Amino acid sequence: MKRLDFSRNETLVALVILGFCALATISDPSFLSMPTLTDLLRGGIVLGIFAVAAMVVLVSGGIDVSFTAIAAFAMYSTTLILVSLAPGLPWPLAFALSVGIGAALGAINGIFIAFFGLPTLIVTLGTLSIFRGFLLTFVGSKLISNLPQSMRDFSKQMLFRGTNADGSFFSLPLAFLALVGVVVLTWFILNRTLLGRSIFAIGGSVESARRIGVNVRAVQFFIYVYVGALAGLAGIIHASMARVANPFDLVGLELSVIAAVVLGGARLTGGVGTLTGTLLGVTLIVLVRNSLIVIGIPSTWQSVAIGVLILVGTGLPAWQAKRAAARAG
Amino acid sequence: MSIAARFAGTEARLAVIAVVVFVAMALLSPDRFLSVQNLTSMAFQFPEFAILALATTVAMLTGGIDLSVVGIANLSAIIAATILIQIAGPAAVGPDAVLWLAASMAAALVVGAVAGLFNGILIAVLGLPAILATLGSGLIFTGIAVALTGGSAMMGFPAATAWLGNGLLFGVPVPLVLFAVLALGIGFLLTRTGFGLKIQMFGTNPLAARFAAVNVTSVLIRVYVLSGMLAAIAGMVIMSRANSAKADYGSSYILLAVLIAVLGGVNPYGGYGKIIGVVLAVLSMQFLSSGLNMLQVSNFARELIWGSLLIFVMIVNSKTGFGMRRGKPAPARPRPEQSSGSGR
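Those sequence lines, one after another, are chains Y and P. Numbers 1 to 329, taken from full-length UniProt numbering, label the letters of the first sequence in order. Numbers 1 to 344, taken from full-length UniProt numbering, label the letters of the second sequence in order.
Source of the hints: derived by calculation from the structure; they are not laboratory data. Quick caveat: nothing in here was measured; it's all calculated off a predicted structure. Heads up, some of the hints might be wrong.
As the list claims (entries may be wrong) - Simulated restraints on C-beta separations:
(1) P:T82 / Y:R217: 29 to 37 Å
(2) P:T193 / Y:R243: 57 to 65 Å
(3) Y:R217 / P:G171: 54 to 62 Å
(4) Y:G213 / P:A208: 49 to 57 Å
(5) Y:R197 / P:M294: 30 to 38 Å
(6) P:V114 / Y:F169: 44 to 52 Å
(7) Y:I293 / P:N205: 47 to 55 Å
(8) Y:V312 / P:N205: 27 to 35 Å
(9) P:P90 / Y:S299: 51 to 59 Å
Said to hold, decoys possible - Anything over 12 Å on all C-beta distances counts as not near chain Y; from chain P, calculated:
(10) A15
(11) P95
(12) G136
(13) T142
(14) A147
(15) I254
(16) Y269
(17) R302
Stated by the list, open to error - A short, non-exhaustive set of chain Y residues, derived as facing chain P with CB atoms under 10 Å:
(18) P29
(19) L32
(20) A107
(21) I130
Cβ atoms here follow ideal geometry from the backbone N, Cα and C, with glycine treated the same way.
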């Protein structure tokens with residue numbers, strides 16, 4: 001039963017995506033082109049990494065709203081360190097630094113959640129304010145538009161470029177590989193390691209997981225460190241691609257990211273969630289953001305459209321489950 | 001119940017925190033913090049997000065949450081603003097202006113109630129998890145507000161509108177009076193009426209409430225309608241204080257409202273929470289931020305301190321076994337009972 005309606009959620013999202021693309025192509029044939037695809041993929045990089053991170057937390061039965069603040073913190077302080085102390089640092093080291101800062105901040109969440117046993121929503125709500133407040137008060141609140149050379153170099157590297165028939169350019173930045181890497185790594189952890197199975201087990205039932213010998217605290221701690229590290233990566237990629245480090249960026253996205261993940265079939269109650277669904281959810285959100293206008297809906301209605309999608313996407317399975325429960329009971 | 005028992009636990013600690021913060025701030029900048037000017041300015045500042053916190057609190061008592069309060073507040077304010085600008089016009093004075101102000105308030109309340117009804121149906125009838133239902137509906141309400149206004153601010157109200165947010169009633173700021181009346185009213189509703197009892201029953205154990213013949217659907221719907229109407233009132237106060245209405249006012253208030261409710265000892269799993277706790281939490285926050293303002297601390301430091309205060313209070317509560325009444329430390333899961341009707 002469970003397997004059935006959760007596969008349904010993914011098919012539903014996939015169908016909506018196809019329908020959207022079909023409608024868009026009918027109203028504007030040039031929609032079906034490489035630039036649309038590369039814009040979509042480009043727009044999905046940061047959101048996608050965030051969504052994978054948020055999914056891992058949801059699968060474990062928790063919720064994290066602080067990852068955007070972690071990303072902003074890691075991104076801005078890394079840029080600041082590079083600019084003021086080590087302008088020549090190559091970009092892989094800069095990225096490692098940002099990932100490290102993110103992981104350290106994630107560890108703070110992990111300590112409160114795993115070792116103090118505080119509810120995840122409340123801890124991350126608190127640390128969202130703390131990280132953001134600390135960043136803006138003590139690290140800095142000014143935009144850095146003069147990014148270090150290594151980050152600018154990174155943003156110029158493309159996987160491929162091309163020219164359209166009408167002379168417009170399109171390209172896919174190297175950063176896309178980061179998303180691919182994150183997805184592969186997370187897939188491996190979740191599906192091929194004991195750690196990953198433990199994450200699902202905790203999400204299913206903490207008590208049962210504990211009884212079969214899962215070290216719940218260690219697994220929870222890992223989850224929040226991992227999410228922090230991914231957030232650090234997403235942050236530095238965001239800054240490189242935007243070619244500016246803005247400490248006010250990113251925070252505010254957290255609820256949309258969680259919405260995308262839930263749209264893809266992950267359950268807030270834990271134990272259920274797939275990478276395919278998550279990526280489909282992200283695709284749909286990015287598609288609506290980028291191309292709503294193409295199917296004839298003015299972009300001022302964008303947030304209404306996303307809201308409706310969330311309600312329909314989560315409402316249908318919830319309603320089906322409720323009806324099934326009513327029939328059974 | 002003895003007075004000592006009544007104030008034991010979370011609320012007592014919060015009262016201590018509020019007093020300590022107040023005294024500390026008064027000692028650190030005695031002439032400015034205790035000035036009449038500062039005290040009145042605080043009384044004007046906090047009611048808007050305090051009312052939003054009340055709205056969230058009501059939903060959290062059922063184990064749900066209302067993330068759409070800010071969306072509802074702005075949408076209601078925009079509808080009210082439309083009436084005030086288009087029909088009444090900025091030149092309206094005297095009884096005319098008062099009449100239109102009342103009409104616009106009524107319209108705002110209706111919008112809030114309808115929006116709350118929408119949430120209630122999603123949650124109680126269709127069985128969506130509250131956090132997702134209100135996240136989605138909040139986007140919709142904000143989106144409608146954006147679409148109605150094109151995203152720009154609406155201005156040009158009759159002068160009487162300012163009374164709601166900036167006026168004095170018998171020497172007391174009107175927003176404060178409004179908040180006090182609402183807090184007392186909600187407190188009464190929760191502790192002295194059957195509806196309040198049902199809310200607590202449902203929040204403590206939804207299944208047991210159902211078996212105790214509580215009409216769960218009706219209770220949930222009424223809770224979200226109440227929450228929506230409170231949000232609409234907050235929207236009117238914000239509109240009046242800003243002397244304009246806009247689709248994205250107070251977007252940082254969503255998480256702030258949740259933070260205040262939790263700080264006030266409201267159990268996010270439902271079933272426990274007192275209005276006095278929420279009031280004390282709001283006061284602590286306001287004393288802190290005004291005090292820090294006087295000490296020339298950056299605005300951003302407030303967020304840092306609010307977050308730290310939240311986690312500090314949670315740790316203290318969990319150490320004394322009071323804040324986490326559901327026993328073992330479990331990962332927060334916003335409402336297990338509705339979202340997975342088929343499983344567990």
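Hint check results:
1. P:T82 / Y:R217: 29 to 37 Å: 54 Å, violated
2. P:T193 / Y:R243: 57 to 65 Å: Distance hint for P:T193, Y:R243 holds at roughly 59 Å.
3. Y:R217 / P:G171: 54 to 62 Å: About 55 Å separates the Cβ atoms of Y:R217 and P:G171, which means 54 to 62 Å holds.
4. Y:G213 / P:A208: 49 to 57 Å: Since Y:G213 and P:A208 have Cβ atoms about 33 Å apart, the given range 49 to 57 Å is violated.
5. Y:R197 / P:M294: 30 to 38 Å: 54 Å, violated
6. P:V114 / Y:F169: 44 to 52 Å: 48 Å, holds
7. Y:I293 / P:N205: 47 to 55 Å: Holds, at about 48 Å.
8. Y:V312 / P:N205: 27 to 35 Å: Distance hint for Y:V312, P:N205 holds at roughly 30 Å.
9. P:P90 / Y:S299: 51 to 59 Å: 31 Å, violated
10. A15: 21 Å, holds
11. P95: Consistent with the label, P:P95 stays out of reach of chain Y, its closest Cβ about 37 Å off (over 12 Å).
12. G136: 4 Å, violated
13. T142: 6 Å, violated
14. A147: 5 Å, violated
15. I254: Violated, because the least Cβ-Cβ distance between P:I254 and chain Y comes to about 8 Å, which does not exceed 12 Å.
16. Y269: Given a closest Cβ separation of 8 Å, the condition is violated.
17. R302: 7 Å, violated
18. P29: 28 Å, violated
19. L32: This interface hint is violated because 27 Å lies over the 10 Å limit.
20. A107: Given a least distance of 15 Å, the restraint on Y:A107 is violated.
21. I130: Holds, about 4 Å.
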